[in-house]
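Colleague: With the hints as constraints, model all of the structure from the sequences given.
Those protein sequence lines, which keep their order, are chains G and Y.
Heads up, the first sequence is in our numbering, so the first residue is 0 and it goes up one at a time.
Heads up, the second sequence is in our numbering, so the first residue is 158 and it goes up one at a time.
What follows is a list of derived Cβ distance ranges for each label pair:
#1 Y:A199 to G:P130: 45 to 53 Å
#2 G:E106 to Y:K201: 22 to 30 Å
#3 G:H6 to Y:Q228: 39 to 47 Å
So these bits of chain G aren't anywhere near chain Y, every CB distance computed over 12 Å:
#4 T5
#5 I7
#6 L68
#7 S69
#8 L70
#9 H74
#10 D75
#11 I99
#12 V124
#13 K137
#14 T145
Simulated from the structure, these hints should not be mistaken for lab results.
Quick caveat: nothing in here was measured; it's all calculated off a predicted structure.
Note that CB positions come from ideal geometry on N, CA and C, so glycine has one too.
Given next are the chains, with one letter for each unit.
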Amino acid sequence: MTSNGTHIRLQMVSDPTYLSGARELVSAVSRRLGFSEEGSGQIALAVDEALCNIIRHGYDRRRDRPIWLSLNPVHDEQNRAQGVTIVLEDEARQVDPEQIRSRDLDEVRPGGLGVHIIREVMDEVRYERRPGAAGGMKLTMTKRITQPAPAGETGPGPCARGGA
Amino acid sequence: MPEETMRVVTQTEGGTVTIAPEGDVDLARSPTLRAALRQALAAKPQRLVVDLTGVDYMDSSGVATLVEALQTARRGSTRLVLCAMKERVRSIFEIARLDGVFTIVDSREKAATA
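Modeller: Written out as structure tokens, the structure reads:
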């Protein structure tokens, strides 16, 4: 699987008001790339949870800090859409990527579910520190199309160049 | 941007309080649901029903709000029941392995006796 490069790059502030817009964008584009309703909903959920973690833990709920969301389709050698990679970057305080883990779900308590949900619904998840003076973290997550949407529910997609 | 609110309808009938949030429950809106749940639980009703008919989407902040309410309800001997949960919302409870922790029923009618 290879990436076509970044097709969408969005800058937003760390204000929860805009979570719904980010979810709708990611969900709608994922549907067009060939994900089922369930799959696109899971991608939107993962993006929501990741944004929430940045806002709450990275920026301590400050509402005016930058977050960048990039969306990159991935395709096979025949240029058929195979999935999507989403990248979230911020300028929040850096943490050791090894320390970003799911918590024990046997303990019933509020909070701490975001990382577990992201790892559960996405196929590949990687946290790393962003290089450069501004600091921050970078989360790269990929989901592959396993159950395509029914015919007629997707567009030609960015990978089907030369189509109608 | 100011704090975002959502519509939450609260009804009291006998010892049962029913709370019906309307709209997506995410980090922007879960504080409104939390406030409504806290207010309802402060009166220590026999039963608190959360009717999720109007909720198409919930993230982990909404789930955390309901977990917090469940813990408060148990301390006050209030029975907390969730009803009319849509499949998309139920899936996050399943991913978080909380679908067996809450009492979840199909309808408000069933919630009255669950």
